[in-house]
Structure formats: structure tokens, C-alpha cells
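Student: Sequence:
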Amino acid sequence: MTFAVNDGHNIWYEINGSGTPVVLIGGFALLHDQFEFSLPFLHKSGYSTINWNYRGSGKSDWTLVRPYSLEDWVEDLRSVLDHANFDKVNIWATSTSSVVGIRFAAKYPERVNKLITYPWLKADQYWKKLFDSAYGICEMFGIRAMSRIFAGSVMPLSMQYTKEQIEYEKWSGEKYENNLNMTTLRSTLDALSNVDLSGDVSNLKTPTYLLLGNDSALNQMKIKEAAHFDHLTKEFMKLNNKAIIRQVEGAGSTYCMISKPEETVLEVTKCIEE
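So the sequence shown is numbered by this note's numbering: it starts at 28 and just counts up by one.
Be aware that one or more of the hints could be misleading.
List of simulated lysine-lysine pairs, DSSO-like, C-alpha gap at most 30 Å [unchecked claim]: (1) K190 <-> K249; (2) K134 <-> K265; (3) K261 <-> K149; (4) K115 <-> K261; (5) K197 <-> K155; (6) K155 <-> K134; (7) K249 <-> K232.
Please keep in mind that the hints were generated in silico from the structure rather than gathered at the bench.
Model the full assembly from the supplied sequences, consistent with the hints where possible.
Tutor: Below, the structure written as C-alpha cells:
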């Protein structure tokens with residue numbers, strides 16, 4: 028395995044394929060595994076992929092010398108690009124780690140060609156409660172339980188209780204358990220709970236694309252309005268009307284690359300090649 032070192036932390040990364048570089052940033056639980064089904068299509072399309080894990084997660088150090096922060100994670104990514112000798116890349120960020128991609132592009136615009144991101148940019152009260160609930164579920168019922176609950180919300184409604192969803196839950200439960208630990212999870216979720224990138228979004232200089240599926244079960248849940256497709260895209264566009272929305276028809280919002288990987292990569296290709 029390959030590691031960059033930042034601030035005393037070993038930051039894991041892995042490069043595969045050849046061609047135009049794309050940094051992949053998955054959500055706090057699936058991390059690099061979120062793109063597993065998309066990798067073959069990315070490589071076939073002529074892209075090299077840079078998977079990595081920020082401190083406190085996955086294959087990177089779980090050292091906890093101070094509370095984690097978004098700024099530390101952004102610098103972890105910078106250290107990876109420096110170590111791998113990439114001056115400029117495309118970024119594809121999704122789910123709760125969209126803020127890492129957004130913040131990196133805002134802080135280092137000279138290093139980002141295109142930003143492709145899920146349109147989550149700040150933790151309002153809904154998101155703060157979501158992160159608290161996620162920790163509570165893991166604490167009381169185990170990490171796999173959180174994977175099942177997330178799948179039931181994010182995947183398309185038509186997938187609920189199907190063999191396809193059960194197979195997904197078996198796959199994702201193992202990934203969650205490998206990528207998370209209860210010692211650092213609380214600090215990770217606290218960092219996400221204190222994010223508001225409204226200013227960064229308004230001032231982005233990098234061409235930005237909002238990529239997500241339009242068919243999650245949560246879109247039908249009033250209590251989850253803050254995570255609805257329409258709400259997230261509208262709030263982002265209010266701050267940056269130059270962003271372009273790319274939706275994957277019939278796919279789960281942040282799991283579009285899982286439920287429809289080939290179609291999602293096609294949209295990614297359009298974003299990069301424009």
C-alpha cells in the first residue's frame with residue numbers, strides 16, 4: 028500500500044488506470060468503496076483514478092491527536108497529490124465527503140480542472156441530527172445496522188425489500204465495518220456537523236457540476252426534505268448559479284455510482300470533457 032504523510036498521519040492512496048486523473052472522494056462510511064462498481068467504466072473511458080482515505084478512516088491512520096476537521100482532510104488530500112506528483116486533477120466527490128472536494132477546489136483552484144460533486148454544502152439541524160443518529164445506531168445496534176438504514180433511504184424506492192437490495196446490504200455492511208471504528212467515528216461525525224461552505228460555494232472558480240441520482244426513497248419522505256434532490260440542488264444553485272446539474276435517471280442520489288455505475292460514469296465523462 029502507498030501512503031503520503033501529513034502532519035504525522037499516514038494517508039493511504041491508490042492509483043489505477045491510465046489517462047486523465049480523477050480523484051474519488053466517497054462518503055464517510057463507504058469511502059473509496061463507494062466507487063467500486065464505477066472503476067471499470069472509468070478506466071475503460073481513459074481515466075486514471077486516485078482513491079484515498081482521509082485521516083481517521085479506512086486504510087489511513089486512525090490516530091486521534093486532536094479533533095478531526097474538514098481543513099485537516101483537505102490538507103490530507105493535498106499531501107496525496109503532492110506525494111503522487113499530480114499538479115492538477117479532476118475531483119469527483121459525493122455524499123458527506125462532498126464538502127472535502129468543494130473546500131479543496133475553493134482553497135486550491137489552481138489544482139482542480141473540474142469539480143463534480145454531490146450538492147451537500149452545510150450541516151443544518153437535519154444533518155446534525157442525522158450524524159448524531161448514525162452514531163447512536165452504530166453504538167446500540169452495530170455498524171452494519173447503519174448500512175441497512177442508509178440503503179433503505181438512499182436507494183430507489185423500487186429496490187426496497189428486493190433481492191438486489193439485500194445483496195447490496197450484505198456488500199455494504201462489510202465495507203462499513205472495514206472502514207469505520209467507534210473510537211474515531213464520533214470525531215469524524217462532529218467535524219461534518221460543523222460544516223458550512225456557503226462562502227466557498229459562492230466563490231468557486233472551478234467549473235462545477237452537481238451529480239446525483241434523482242430516484243431515492245428519501246425524496247418521498249417529508250422528514251428528510253433537507254436531503255431531497257430538489258432542495259439540495261436549489262440551495263446550491265442559489266449560491267452558485269454557474270453550476271450545472273447532471274442527474275442520473277432512476278438512480279439513488281449519492282448511490283448513483285452503485286445503482287447505475289455505467290450511466291453515472293457517462294455523466295462524469297460529459298462533465299470532464301466539456
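Student: Please go over all the hints and tell whether each is borne out by the structure.
Tutor: How the hints compare with the structure:
Of the pairs offered as hints, the one joining K190 and K249 holds, with about 27 Å between alpha carbons and a cut-off of 30 Å not exceeded. Taken as a hint, the K134 and K265 pair is honoured in the structure, with Cα atoms around 21 Å apart against an allowance of 30 Å. For the given pair, K261 sits about 13 Å from K149 by alpha-carbon distance, which is consistent with the 30 Å threshold. The suggested pairing of K115 with K261 holds, with an alpha-carbon distance near 29 Å, which does not exceed 30 Å.
Between K197 and K155 the alpha-carbon distance is near 27 Å, which keeps this suggested pair within the 30 Å criterion. For the suggested pair K155 and K134, the alpha carbons sit about 25 Å apart, so the restraint of at most 30 Å is met. For the suggested pair K249 and K232, the alpha carbons sit about 34 Å apart, so the restraint of at most 30 Å is broken.
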